[in-house]
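Asks: Position chain B against the provided structure of chain A, taking the given hints into account.
Those protein sequence lines, which keep their order, are chains A and B.
69 is the number that our numbering gives to position 69 of the first sequence; each next residue is one higher, with no gaps.
242 is the number that our numbering gives to position 242 of the second sequence; each next residue is one higher, with no gaps.
None of these hints come from the bench; they were simulated from the model.
None of the hints are false.
Cβ pair distances, simulated, as ranges: (1) Pro33(A) x Asn272(B): 47 to 53 Å; (2) Glu34(A) x Lys87(B): 26 to 32 Å; (3) Ala165(B) x Tyr58(A): 25 to 31 Å; (4) Gly315(B) x His8(A): 25 to 31 Å; (5) Arg76(A) x Pro169(B): 45 to 51 Å; (6) Arg164(B) x Met2(A): 38 to 44 Å.
Calculated cross-link-like contacts (lysine to any residue; reagent style SDA-like; alpha-carbon spacing at most 25 Å): (7) Lys311(B) x Asn73(A); (8) Lys356(B) x Thr42(A); (9) Lys311(B) x Gln3(A); (10) Lys58(B) x Met197(B); (11) Lys311(B) x Tyr58(A); (12) Lys65(B) x Gly226(B); (13) Lys311(B) x Cys6(A); (14) Lys311(B) x Ile75(A); (15) Lys311(B) x Ile78(A); (16) Lys311(B) x His8(A); (17) Lys53(B) x Arg25(B); (18) Lys205(B) x Arg47(A); (19) Lys98(B) x Asp185(B); (20) Lys311(B) x Ala62(A); (21) Lys18(B) x Ser104(B); (22) Lys311(B) x Glu20(A); (23) Lys65(B) x Gln21(B); (24) Lys58(B) x Glu222(B); (25) Lys356(B) x Met37(A); (26) Lys87(B) x Ala390(B); (27) Lys289(B) x Ser5(B); (28) Lys311(B) x Arg55(A).
A virtual CB, placed ideally from N, CA and C, is assigned to each residue, including glycine.
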Amino acid sequence: MMQFACPHCGPRAQAEFVYERTVDSVVALDASPEDAMRTLFTRNNPRGVDDEIWRHTYGCRAWMVITRHRVTNEIRAIEAVGPESLI
Amino acid sequence: MSQYSAFGLLRGAFNGQKHWQPAWRDPQPKSHYDIIIIGGGGHGLATAYYLAKVHGLKNIAVLEKGWIGGGNTGRNTTIVRSNYRLKPLHDLFEFGLKMWEHLSDELNYNVMFSPRGAMFLGHSDADMTKLAERGDAMRCDGIDADLMTRAEVAKFEPLLDMSRAARFPIDGALIQRRGGTARHDAVAWGYARAADMLGVDIIQKCEVTGFVRDGAAVVGVETTRGRIGAGRVGICVAGNSGHVAGLVGLQLPIESQTLQAMVTEGVKPMINSVIMSQSLHCYISQSDKGGVVFGGDPDNWPSYAQRGNSKVMEGAVAQGLALVPALSRLRMVRTWSGVTDMSFDGAPIIGETPVKNLYLNGGWCYGGFKATPASGWTYAHTLATGTPHALNAPFALDRFERGATIDETGSGPMPNSR
Numbered sequence: 001m002m003q004f005a006c007p008h009c010g011p012r013a014q015a016e017f018v019y020e021r022t023v024d025s026v027v028a029l030d031a032s033p034e035d036a037m038r039t040l041f042t043r044n045n046p047r048g049v050d051d052e053i054w055r056h057t058y059g060c061r062a063w064m065v066i067t068r069h070r071v072t073n074e075i076r077a078i079e080a081v082g083p084e085s086l087i
Numbered sequence: 001m002s003q004y005s006a007f008g009l010l011r012g013a014f015n016g017q018k019h020w021q022p023a024w025r026d027p028q029p030k031s032h033y034d035i036i037i038i039g040g041g042g043h044g045l046a047t048a049y050y051l052a053k054v055h056g057l058k059n060i061a062v063l064e065k066g067w068i069g070g071g072n073t074g075r076n077t078t079i080v081r082s083n084y085r086l087k088p089l090h091d092l093f094e095f096g097l098k099m100w101e102h103l104s105d106e107l108n109y110n111v112m113f114s115p116r117g118a119m120f121l122g123h124s125d126a127d128m129t130k131l132a133e134r135g136d137a138m139r140c141d142g143i144d145a146d147l148m149t150r151a152e153v154a155k156f157e158p159l160l161d162m163s164r165a166a167r168f169p170i171d172g173a174l175i176q177r178r179g180g181t182a183r184h185d186a187v188a189w190g191y192a193r194a195a196d197m198l199g200v201d202i203i204q205k206c207e208v209t210g211f212v213r214d215g216a217a218v219v220g221v222e223t224t225r226g227r228i229g230a231g232r233v234g235i236c237v238a239g240n241s242g243h244v245a246g247l248v249g250l251q252l253p254i255e256s257q258t259l260q261a262m263v264t265e266g267v268k269p270m271i272n273s274v275i276m277s278q279s280l281h282c283y284i285s286q287s288d289k290g291g292v293v294f295g296g297d298p299d300n301w302p303s304y305a306q307r308g309n310s311k312v313m314e315g316a317v318a319q320g321l322a323l324v325p326a327l328s329r330l331r332m333v334r335t336w337s338g339v340t341d342m343s344f345d346g347a348p349i350i351g352e353t354p355v356k357n358l359y360l361n362g363g364w365c366y367g368g369f370k371a372t373p374a375s376g377w378t379y380a381h382t383l384a385t386g387t388p389h390a391l392n393a394p395f396a397l398d399r400f401e402r403g404a405t406i407d408e409t410g411s412g413p414m415p416n417s418r
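So that you can see chain A by itself, here it is in the shape it has in the complex (with noise of 0.2 Å):
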């Protein structure tokens, strides 16, 4: 099991993490249509590294975009966030 280190607890085990969806498939208020289509419906999911949001929901319930490989699972960086910059 991969290992996550929360920025607010430490390390966990990733059991206690739950995905939502990429940082750039975060539907704009302001997006037109044919955006928000395309932002809500499609993804670059990439055979290697990609910026995800996670959240701790079995801990702090905090989000953060954990930037990983999704091949070798390698993790490049957690970031704490707030919904502010997400958007």
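Replies: Showing chain B alone in chain A's frame:
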């Protein structure tokens, strides 16, 4: 290459079985094909076979980055059924199920299709209502579905925990008796051999690394074995659709996730059917070799790693043991994972893409194996004629922007139900 037969086997017995030949050729790629299929899994090979057999095309190649049977075709839980509630889904899968019933004869290869019954358990009144509704929808389209009472379930699968104190009390079930299992490797090998006999070039260890464009159209592919020209190109790489489509700059309504399965040591027959559940996500069947095969939820986050998480495995096994307590005495001997294309409505995508001459077959989530013949048949039709078959027309890539999603679980725009 000769047909397999009982007589051939008997003749082989007298010459030390020395007559066996490789089941398909190992050709060098030509410089140009009329149709190139990327991905030598069951679906890609079936597509090539029907292109040659039904549409009479001769100049076809299947490009496989690894080896035949090494991808998702060899990593699933081999379940075959068509018991979906929504019409586009059950029409497609039922078309496939009818093909499964004759597939061994069609391919001259024993795919060991075993229609032992696919049973969905219900654990509450709500479950039974949902199951009855699904059964009705199927029967309206002529597909077999029977509701079973608690007593019938107990008789049919004696090892289920039928006590009222069970963790998941069983109220009844919906069974599709024509559903069952098949030998997954044999499906890939059977289609590969049959397609090869019709002149299809199956090129292994040939990974596509890019597309050759001429203006708006795709006119070939770059591969680890050089550039190959093509009239039409069909992507058929479920699990890696996002990656391959990304090579031509397409973003798909797909996220790749890991799905795990596992098998116990071989024992005498103890599970008669395929056991599934309306409320749980756990499926149990027993292979002809005797191992009890388990599957469960996907890992629920994006991954291209062909390995999964112990927590998800534990969850599937916990559900399995709650349903069939006797399984607790068995040792788990092997676990494995596949990378699945989780689409944003849970249904596959088969059809054209915005790029001219480029077609897509993917997004099979965790339900692609059972569709292999139907997927090949409809995709071959689409590639040969340039227009979708009636069965795959609802599964067009642009259905999301048209608001015409096929959402069996009603879960909304996420690449898995939650």
